[in-house]
Amino acid sequence: MSIATDLRPNRSLQAGAKSGERNPKAMVFLVVLWLAMFIAMTVLLVLVVTTLIEGASRLDLRLFTEYPASSPARAGARPAILGSIWVIVTTAVLTIPLGIAAAVQLEEFADKTNRFNHLIEVNVQNLAAIPSVVYGLLALAVLTLLRVQNKNLVIAGATALGLLILPVIIIATREALRSVPVEIREGSLALGATPLQTMWRQTLPSAVPGIATGSILALSRAMGEAAPLLLLGGLVFVSFDPNGLLSGFTTLPIQIFNWTGRPQEEFRVLAAAASIVLLVLLLAMNGLAIYIRNHFQRRW
Amino acid sequence: MDNLTATQPKAGSRALTDRSVGPHSPSRRPSLITSVRRPGEAVAKIVLRLAAWLTIVITVGIVVALIVPALEFFRQVSISDFLFGTRWAPRFADASFGVVPLVTATIWTTAIALITAVPLGLGAAILLSEYAPPRLRAVLKPILEILAGVPTVVYGLFALAFVQGTVLRDWLNLPTGSFSVLAAGLVMGVMIVPTVASLSEDAMSAVPNSMRQGSAALGANRMQTSLRVVFPAALSGIVAAIVLGVSRAVGETMIVAIAAGGQARIVTGPLEQGQTMTGFIANAALGDSRVGSIEYDTLFAVGLLLFMITLLINFISIRFVRRFREVY
Amino acid sequence: MFSSSLKLAGVTALAAGSLMVSGCGGQNPGSAGGEGVSGTVTVDGSSTVAPLSEAAADLFRDVQPGVNVTVATAGTGGGFKKFCAGETDISDASRPIKDEEAAECKAKGIEYTEVIVANDGLSVVVNPENTWAKCLTVAQLKTMWAPESEGKIKNWKQIDPSFPDVPLTLFGAGTDSGTFDYFTEAINGKEGASRTDYSPSEDDNVTVQGVTGDKGAVGYFGLSYVEQNPAAVKAVEIDGGNGCVAPSKETVQDKTYKPLARPLFIYVKHSSYKDSEAVRSYVDFYVENEAKVAEQALFVGLTPEQKQKAQDELGSVAA
Chain Z
1 MSIATDLRPN RSLQAGAKSG ERNPKAMVFL VVLWLAMFIA MTVLLVLVVT
51 TLIEGASRLD LRLFTEYPAS SPARAGARPA ILGSIWVIVT TAVLTIPLGI
101 AAAVQLEEFA DKTNRFNHLI EVNVQNLAAI PSVVYGLLAL AVLTLLRVQN
151 KNLVIAGATA LGLLILPVII IATREALRSV PVEIREGSLA LGATPLQTMW
201 RQTLPSAVPG IATGSILALS RAMGEAAPLL LLGGLVFVSF DPNGLLSGFT
251 TLPIQIFNWT GRPQEEFRVL AAAASIVLLV LLLAMNGLAI YIRNHFQRRW
Chain H
1001 MDNLTATQPK AGSRALTDRS VGPHSPSRRP SLITSVRRPG EAVAKIVLRL
1051 AAWLTIVITV GIVVALIVPA LEFFRQVSIS DFLFGTRWAP RFADASFGVV
1101 PLVTATIWTT AIALITAVPL GLGAAILLSE YAPPRLRAVL KPILEILAGV
1151 PTVVYGLFAL AFVQGTVLRD WLNLPTGSFS VLAAGLVMGV MIVPTVASLS
1201 EDAMSAVPNS MRQGSAALGA NRMQTSLRVV FPAALSGIVA AIVLGVSRAV
1251 GETMIVAIAA GGQARIVTGP LEQGQTMTGF IANAALGDSR VGSIEYDTLF
1301 AVGLLLFMIT LLINFISIRF VRRFREVY
Chain V
2001 MFSSSLKLAG VTALAAGSLM VSGCGGQNPG SAGGEGVSGT VTVDGSSTVA
2051 PLSEAAADLF RDVQPGVNVT VATAGTGGGF KKFCAGETDI SDASRPIKDE
2101 EAAECKAKGI EYTEVIVAND GLSVVVNPEN TWAKCLTVAQ LKTMWAPESE
2151 GKIKNWKQID PSFPDVPLTL FGAGTDSGTF DYFTEAINGK EGASRTDYSP
2201 SEDDNVTVQG VTGDKGAVGY FGLSYVEQNP AAVKAVEIDG GNGCVAPSKE
2251 TVQDKTYKPL ARPLFIYVKH SSYKDSEAVR SYVDFYVENE AKVAEQALFV
2301 GLTPEQKQKA QDELGSVAA
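In the order they appear, the protein sequences are chains Z, H and V.
The first sequence: position 189 = 189 (the working numbering), numbered continuously.
The second sequence: position 151 = 1151 (the working numbering), numbered continuously.
The third sequence: position 237 = 2237 (the working numbering), numbered continuously.
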């Protein structure tokens, strides 16, 4: 179907505008497109609404203050909420500096024509697309090698999730660095700064909004992950708050998974309520990322 | 000045270590050295290099971590038994290690997910790229992004409780049990829509406007332009998007673990339950697998198979992306 | 702009940090005026017994909030593997320890005591819409679950000609589960002998879910799961040779529910019991208050003789 066929003389112009936008086929097409968008949005709406309706009755203070229990009336998600926060903060501390460092090296200092560096680039793209469960297997294997028996530790979970989002942070940081115009760097060099000084004092600060946006989005993805933590023995009845990097823990997604697996209707309600909390947290994080992007992003 | 422009390729991607030209070139360097090489810099440079190499270490780590137990596994189970056997019962006394049932369940859930995601995703992409004015785009795009941000456990709960329980069993009265690949596949498809849509939309936006204008000048309406001009031009990007969607569907764990079922059986219809490769890994993780036991090694053998399949799919996708990025 | 981003980062870190500290602080207040025991107790094993251990942990936290109890469910077999490797303090078990497992523990120098904590009627359940299977004989169950039936027995009509033509979907315990061991031994005659084409899970909750959604489904798990889900599943009466008996507190305690009435245990590591005040107080509490714990978890409690025996055994460990 090339453009050439459209060079035919257009009889329908005389017949009465049937080939224009009013063409019934074109209108049906537009309706179909809107339908596609509409269906996707409706499913999202139904998901949110059903979760809200299901969980609303247990969306009370108990959810935040109580510990999991075998009787749903007494159960709450306190360790899960605190655990999620602990794990995300630890992941951020571990991963963001590393990701930024790797991205800076790849984007600013590495010789782009070098085949090895090209390999690293392709490698990072591959890593970003590996299923999360494989990262769990990696963490499991490493911990087994280190002869760690109880693998359900905050630091272990943070490492598994950190490995998962490291490629994403690297890619986002590289995009952010790429968007900083070369004139900034050149001006700095012209004033006598070394490339490292330029990067640290000019390029990186200018790229901070993009980096912050990318990191927060990556962290919000990590917050919603459950599969890697399952492999570390995450499905455990935890009845205490996390109290250190070597402490046992559970996270909101794991707790939701746990409660979803229980057949009593009230646990379903609890799972829905915890889902609402998780969704609100994620919405807040994504909102923060978008706010940063919109308000701090310089248009060069 | 000429020296500067001559050495300047694309914005922001210049290697800064080229000191034969520019302000630090030997001809321009003042006698007072203003940039004294500070010791901290050498250390910093090494640190940065190490950080980049870390990514290679991770990949190597993944491959080694998967291969070592998998090799142990294949020492006890032949590769053809594994790849072509049709009975998957690794933890029973009378054990079998044929992975075909897991693969059929994965194929079913992935196919259903694609049938859902591709029409919806492409439709949304064409709408956003060809029809929507910028203000509408600014509203619709974030909504699509939210679909991508919902945690997969929440999708899983939705698939089990609402799609399987309410829609399939109660409303439509279909002959299905507590789990089905259809429920899992449908919800997974909705989850992938943003992936397919945003990458396709990128590809379509990259098509130069001159082509659209040329098409309009020849009398085509927007539908004809989108379908006959933009779509074929962006085809490699769109294929890349679909392939990436396949990769995400194959690797998805929680939705299938919750809603597709736990019985490793050969799946022959959408209303049946089945256990996917990722579902097996999740379920096995909940039990106990002693290091060095066959159960532990089985976990990694399936993991290795999964890793290789997604690696292959990703390679294909990246190839297509590179092609479409090069053309424009 | 750089500084405002820094400020943003700083404020976020501060907020997160204070949340973490508050999490720490809210955990070890020590009971007012009491001894304020603190420490961790690691429990793993049977998913049948887990709700009981969880209920005990729940009630125990009201008395000793400083003790952190974690309960995992790797299955009775899985639990023993960890226990004999020294990884856990207490192993939940829905069957007695096997000889190989006992030998493993001995080889690793793990001394333990078996403490009975509840009674259980291993129940066979069907979907609430199942109106035909009210009572099943052991022979019929064997037809359903024996290894020879794999791939062959797929319909209720094959179990009994009077049953309707409904496909048979099987849900049951996984191979690490004590419930699996007990059921296969009692019904199929040999521990571990089972057909493999069913949905196995170490987590009995998954089995409940499976049976609830499928009209022709059948599953098996401990009585407490039946009591927890009265609307979701229906227990079948079992004819063990003396007529149809339904599982209940009475028929379990007086053992007329044959052959599927069984005791439930916890195995306590001696070194943990003696050295860790947290473990000792938790276990003592567990046994002392077993009636209340069983009631909360909907289990069948101990007879007075069983309770006395349990307390005597614990007493001899401490001595």
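Think of the hints as simulated: they come from the structure by calculation, not from any bench.
Accuracy of the hints is not assured; some may be wrong.
[Said to hold, decoys possible] What follows is a list of derived Cβ distance ranges for each label pair: (1) Z/Y291 / V/H2270: 52 to 62 Å; (2) H/V1100 / V/A2103: 31 to 41 Å; (3) H/V1139 / Z/L145: 19 to 29 Å; (4) Z/T113 / H/V1167: 52 to 62 Å; (5) V/P2128 / Z/L145: 41 to 51 Å; (6) H/R1135 / Z/Y291: 43 to 53 Å; (7) Z/V182 / H/P1208: 23 to 33 Å.
[To be verified] In silico DSSO-like links for lysine-lysine, alpha-carbon gap of 27 Å or less: (8) Z/K112 / H/K1141; (9) V/K2106 / V/K2134; (10) V/K2098 / V/K2234; (11) V/K2274 / V/K2258; (12) V/K2142 / V/K2152; (13) H/K1045 / Z/K25; (14) Z/K151 / V/K2190; (15) V/K2154 / V/K2098; (16) V/K2154 / V/K2215; (17) Z/K151 / V/K2108; (18) Z/K151 / V/K2274; (19) V/K2106 / Z/K151; (20) V/K2142 / V/K2082; (21) V/K2309 / V/K2292; (22) V/K2234 / V/K2134.
Predicted model only: the values in this text are computed from it and were never measured.
Ideal Cβ placement from N, Cα and C applies to all residues, glycine included.
Going through the hints against the structure:
no., hint, in the structure
1, Z/Y291 / V/H2270: 52 to 62 Å, "holds (58 Å)"
2, H/V1100 / V/A2103: 31 to 41 Å, "holds (38 Å)"
3, H/V1139 / Z/L145: 19 to 29 Å, "violated (50 Å)"
4, Z/T113 / H/V1167: 52 to 62 Å, "holds (55 Å)"
5, V/P2128 / Z/L145: 41 to 51 Å, "holds (49 Å)"
6, H/R1135 / Z/Y291: 43 to 53 Å, "violated (19 Å)"
7, Z/V182 / H/P1208: 23 to 33 Å, "holds (25 Å)"
8, Z/K112 / H/K1141, "violated (34 Å)"
9, V/K2106 / V/K2134, "violated (45 Å)"
10, V/K2098 / V/K2234, "violated (31 Å)"
11, V/K2274 / V/K2258, "violated (38 Å)"
12, V/K2142 / V/K2152, "holds (13 Å)"
13, H/K1045 / Z/K25, "violated (61 Å)"
14, Z/K151 / V/K2190, "violated (35 Å)"
15, V/K2154 / V/K2098, "violated (33 Å)"
16, V/K2154 / V/K2215, "holds (14 Å)"
17, Z/K151 / V/K2108, "holds (21 Å)"
18, Z/K151 / V/K2274, "holds (25 Å)"
19, V/K2106 / Z/K151, "holds (25 Å)"
20, V/K2142 / V/K2082, "violated (32 Å)"
21, V/K2309 / V/K2292, "holds (18 Å)"
22, V/K2234 / V/K2134, "holds (9 Å)"
In summary, the structure is inconsistent with hints 3, 6, 8, 9, 10, 11, 13, 14, 15, 20 from the numbered list given earlier, while agreeing with the others.
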